[in-house]
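Trainee: Given the structure of chain A, go ahead and fit chain B onto it with the hints provided.
Protein chains in written order, with the working numbering: chain A, 549 to 992; chain B, 11 to 260.
Hints are supplied without guarantee of correctness; some may be wrong.
Below, simulated DMTMM-like cross-link-like pairs (lysine to aspartate or glutamate); rule was C-alpha separation at most 25 Å, straight line [what the hints assert, rightly or not]:
no., chain 1, residue 1, chain 2, residue 2
1, A, Lys-703, A, Glu-579
2, A, Lys-828, A, Asp-802
3, A, Lys-981, A, Asp-841
4, A, Lys-981, B, Glu-118
5, B, Lys-126, A, Asp-947
6, A, Lys-583, A, Asp-593
Restraint ranges, calculated between C-beta atoms of paired labels, are given here [stated by the list, open to error]:
no., chain 1, residue 1, chain 2, residue 2, range
7, B, Ser-157, A, Asn-891, 30 to 36 Å
8, A, Asp-643, B, Glu-154, 33 to 39 Å
9, A, Glu-933, B, Glu-248, 37 to 43 Å
10, B, Tyr-96, A, Val-946, 16 to 22 Å
Quick look at which bits of chain A chain B covers, simulated, 3 or more residues with Cβ under 8 Å [to be verified]:
no., stretch
11, 831 to 845
12, 952 to 966
What the hints contain is simulated information worked out from the structure, not anything from laboratory work. For glycine and all other residues, C-beta sits at the position ideal for the given N, C-alpha and C.
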Amino acid sequence: MRDLSKPQVMDRPRKSTQNSKAQEAGRKWVEQLEKQLEAATSQFDEALATLPVPHRRVERWKYTPVNGWWRAIGKRAQITAKQAGCEPCPIPGLDAYRLVFVNGEFDAEASDLPVYPGIVCSPLSLVPQTDQAPRGSNSLEQEDWFAALNGKFAKEGLFLRIGDGISLDRPLLVHHHSTGEGCAAFLRHDIEIGVNAEIKLIHWSTASQPSRGVVNISTKATVGSNGRFQLDKVQDEEGHIQHMAFEEIQQAQDSRVDVYTMTIRGQWVRNDASFRLDGKGAHAELNGIYLPDNTEFVDNHTTVDHRAAHCTSSEHYKGILYGKSTGVFNGKVFVRPDAQQTNAYQQNANILVSDQATMNAKPELEIYADDVKCSHGCTIGQFDEEALFYAQSRGVGVDAAKAMLVHAFIDEILDGVAVHEVRLEVNHRLAEKHQWTEWSDHLE
Amino acid sequence: MLKIKELQASIGEAQILKGLNLTINPGEVHAIMGPNGSGKSTLASVLAGREDYEVNGGGVQFNGEDLLEMDATERARSGLFLAFQYPVEIPGVSNINFMRAAVNGKREHQGLEPIKGKEFLDMVKEKAKLVELDGRLRNRSVNEGFSGGEKKRNEIFQMAMLEPNLAILDETDSGLDIDALRIVSEGVNAMRSPERSFLVITHYQRLLEYIVPDFVHVLVDGRIVRSGGKELALELEEKGYDWIKEDAVA
Numbered sequence: 549m550r551d552l553s554k555p556q557v558m559d560r561p562r563k564s565t566q567n568s569k570a571q572e573a574g575r576k577w578v579e580q581l582e583k584q585l586e587a588a589t590s591q592f593d594e595a596l597a598t599l600p601v602p603h604r605r606v607e608r609w610k611y612t613p614v615n616g617w618w619r620a621i622g623k624r625a626q627i628t629a630k631q632a633g634c635e636p637c638p639i640p641g642l643d644a645y646r647l648v649f650v651n652g653e654f655d656a657e658a659s660d661l662p663v664y665p666g667i668v669c670s671p672l673s674l675v676p677q678t679d680q681a682p683r684g685s686n687s688l689e690q691e692d693w694f695a696a697l698n699g700k701f702a703k704e705g706l707f708l709r710i711g712d713g714i715s716l717d718r719p720l721l722v723h724h725h726s727t728g729e730g731c732a733a734f735l736r737h738d739i740e741i742g743v744n745a746e747i748k749l750i751h752w753s754t755a756s757q758p759s760r761g762v763v764n765i766s767t768k769a770t771v772g773s774n775g776r777f778q779l780d781k782v783q784d785e786e787g788h789i790q791h792m793a794f795e796e797i798q799q800a801q802d803s804r805v806d807v808y809t810m811t812i813r814g815q816w817v818r819n820d821a822s823f824r825l826d827g828k829g830a831h832a833e834l835n836g837i838y839l840p841d842n843t844e845f846v847d848n849h850t851t852v853d854h855r856a857a858h859c860t861s862s863e864h865y866k867g868i869l870y871g872k873s874t875g876v877f878n879g880k881v882f883v884r885p886d887a888q889q890t891n892a893y894q895q896n897a898n899i900l901v902s903d904q905a906t907m908n909a910k911p912e913l914e915i916y917a918d919d920v921k922c923s924h925g926c927t928i929g930q931f932d933e934e935a936l937f938y939a940q941s942r943g944v945g946v947d948a949a950k951a952m953l954v955h956a957f958i959d960e961i962l963d964g965v966a967v968h969e970v971r972l973e974v975n976h977r978l979a980e981k982h983q984w985t986e987w988s989d990h991l992e
Numbered sequence: 011m012l013k014i015k016e017l018q019a020s021i022g023e024a025q026i027l028k029g030l031n032l033t034i035n036p037g038e039v040h041a042i043m044g045p046n047g048s049g050k051s052t053l054a055s056v057l058a059g060r061e062d063y064e065v066n067g068g069g070v071q072f073n074g075e076d077l078l079e080m081d082a083t084e085r086a087r088s089g090l091f092l093a094f095q096y097p098v099e100i101p102g103v104s105n106i107n108f109m110r111a112a113v114n115g116k117r118e119h120q121g122l123e124p125i126k127g128k129e130f131l132d133m134v135k136e137k138a139k140l141v142e143l144d145g146r147l148r149n150r151s152v153n154e155g156f157s158g159g160e161k162k163r164n165e166i167f168q169m170a171m172l173e174p175n176l177a178i179l180d181e182t183d184s185g186l187d188i189d190a191l192r193i194v195s196e197g198v199n200a201m202r203s204p205e206r207s208f209l210v211i212t213h214y215q216r217l218l219e220y221i222v223p224d225f226v227h228v229l230v231d232g233r234i235v236r237s238g239g240k241e242l243a244l245e246l247e248e249k250g251y252d253w254i255k256e257d258a259v260a
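One chain only, chain A, in its complex shape (with noise of 0.2 Å):
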């Protein structure tokens, strides 16, 4: 058994799973990158050179392909929300602070930043770094070649202290937009939520068509005791993006966190999201839906790490796979012997609508502490066919009744969604995705 009492992150990686041409392509696609950003510290130099640039035979990268990331990276297109004729709020009738990025860039002019008591809200570029949380600190970025790099190049995103006992009026949204050809966009958000402090926060990322490049969001936040964070996550990505998403929640005693992954559009999606439950009674609570169709791809890997006792953590993720799509799932649950009555949840249920639709989902538990309740559960099938008939013999449509089922599979999730209006829009896109009017249109 390995040493517990010394912090770790499962899967740390060892050299012997570096692949030569891996680390090659890796390290070419680094000097690319040097060429056309510039580099926000070099901390992570050694890091970059050592971890293993994911390849298939690393755990955590499995099932994830990432021979398409090596692509090349141009100049990038410095533009604004207007002029890449983007909506600055994409969400209609939300009302709602927010922060909008471009291709990477902060677009002021798009922005409305919420000037509040008791709370800091920038752009991270406005921030000297002695006061941003410090490089290194997000465990992944020790890890992870990809959260590495983040860790170099990231020179911007959201920073965000909410004071203690402070709440903010309305929701916050981070809007991030991609266009153009071979962009690479990273951002950083860092947050800190005070003690009793509460935040809605929307992530919302989208790209234009006929864009080609990549995404790279890292999220690091902080909940005080007895705080409050909802974090609703859209990625409605058109074109050929690679994205990728880090989190990392740190929690305290008594704090409720509520993540919501959503995954409309994206031809190759990664997110990790990653919670430490630090201080008795904390909750985790993180959910996510992903339809991917044609040969979209998305991939979910979780871990819960309970360090301390009586914390709860529930996770629901549920996915309908059409096309030649492929999804992933991997959700880790980590009880430490100190953590005793964790109560641990989670559930991973997939619909394969085309047999040549792919999942593969692993749900890996280590608990090392003895009076607890972890569950955990996992199916992958296809539409109920008994239902399909019951609804067509009622004289409702066949694309209706799938519409009608694949409602009642999504909306146990979506209706948790912190706000309203990104559940409906939510709704909305998925239903021009996969053209589902016919029976939302029953309801009106």
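Mentor: Leaving out everything else, chain B in the frame of chain A:
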């Protein structure tokens, strides 16, 4: 209304219906009785359009149209209704939304606009009374967690909402206690009219005391071997199916 001619159907390797003839005119109530495995439920499934069955002979006309050419949705929209022997649970879809989609599907077929909210709710209230289906059951997910009797009452409620020309009741009485049987039967009887026909499939004569048929047919080994009036049901109750089976072989 319904003309079945020499209908043959199979599932997998098994030939279930072996040349079945039946004609139902508007306003008539026909009962089909028969021993287990005689093909009663297969007949219901084939008529409703379940794709697991292969029709390999004969034909079915419904209101002058070729029923077998239509898919299950079209059959329902043309006025055919099947009350399931085992109603399906659909978690996450409320009974009321389900019915609204069904009603609007039918209206679309008739070239009508989707039903207005108030009109729909009034209709629900009125029809729910027929089978004493309370608000709680109307708003819950379709059949989820319903008792056996509640599921069957829900079937009749759906039938009342869709106002079919021909309703097929597939062993609607199985598993019902006497109170539920009475409620279900009264619901059906309230819907009897000169334009509407019923095909009541049952294993037991008991249901036919409540829903009195005009004709009774006995199905044995994929064929109708005897037809008669309602007194045939009583005879079957008394003597069982064996004498008819023997007759049929002879």
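Trainee: Just to be careful, I want the Cα atoms of Lys-126/B and Asp-947/A compared with a cutoff of 25 Å; is the pair within it?
Mentor: 23 Å, holds
Trainee: Between the stretch 831 to 845 of chain A and chain B, see if three or more residues pass the 8 Å beta-carbon test, and mark the coverage as holds or violated.
Mentor: violated (count 0)
Trainee: In this structure, is the beta-carbon distance linking Tyr-96/B and Val-946/A contained in 16 to 22 Å?
Mentor: 21 Å, holds
Trainee: If you check the beta carbons of Glu-933/A and Glu-248/B, does the distance land in 37 to 43 Å?
Mentor: 41 Å, holds
Trainee: Taking 25 Å as the top limit, are the C-alpha atoms of Lys-981/A and Asp-841/A close enough?
Mentor: Measuring from Cα to Cα gives roughly 9 Å; hence the hint holds.
Trainee: Check whether the Cα positions of Lys-583/A and Asp-593/A lie no farther apart than 25 Å.
Mentor: Status holds; Cα separation ~15 Å.
Trainee: Could you say whether the range 33 to 39 Å given as a hint is met by the Cβ separation of Asp-643/A and Glu-154/B?
Mentor: Holds, since Asp-643/A and Glu-154/B (Cβ atoms, about 36 Å apart) stay within the stated range.
Trainee: For Lys-981/A and Glu-118/B, compute the direct alpha-carbon distance and say whether it is at most 25 Å.
Mentor: Within the cut-off at roughly 24 Å; holds.
Trainee: A range of 30 to 36 Å was offered for this pair. Does it hold for the Cβ distance of Ser-157/B and Asn-891/A?
Mentor: Given a distance of about 32 Å, which is inside 30 to 36 Å, the answer is holds.
Trainee: With the threshold set at 25 Å, check whether the alpha-carbon distance from Lys-828/A to Asp-802/A stays at or below it.
Mentor: 6 Å, holds
Trainee: Lys-703/A and Glu-579/A: Cα distance at most 25 Å?
Mentor: Holds: Lys-703/A and Glu-579/A sit about 18 Å apart, inside 25 Å.
Trainee: Three or more residues of the stretch 952 to 966 of chain A near chain B by CB distance under 8 Å?
Mentor: As far as the stretch 952 to 966 of chain A goes, the hint holds, because 7 residues have Cβ atoms under 8 Å from chain B.
In summary, the structure is inconsistent with hint 11 from the numbered list given earlier, while agreeing with all the others.
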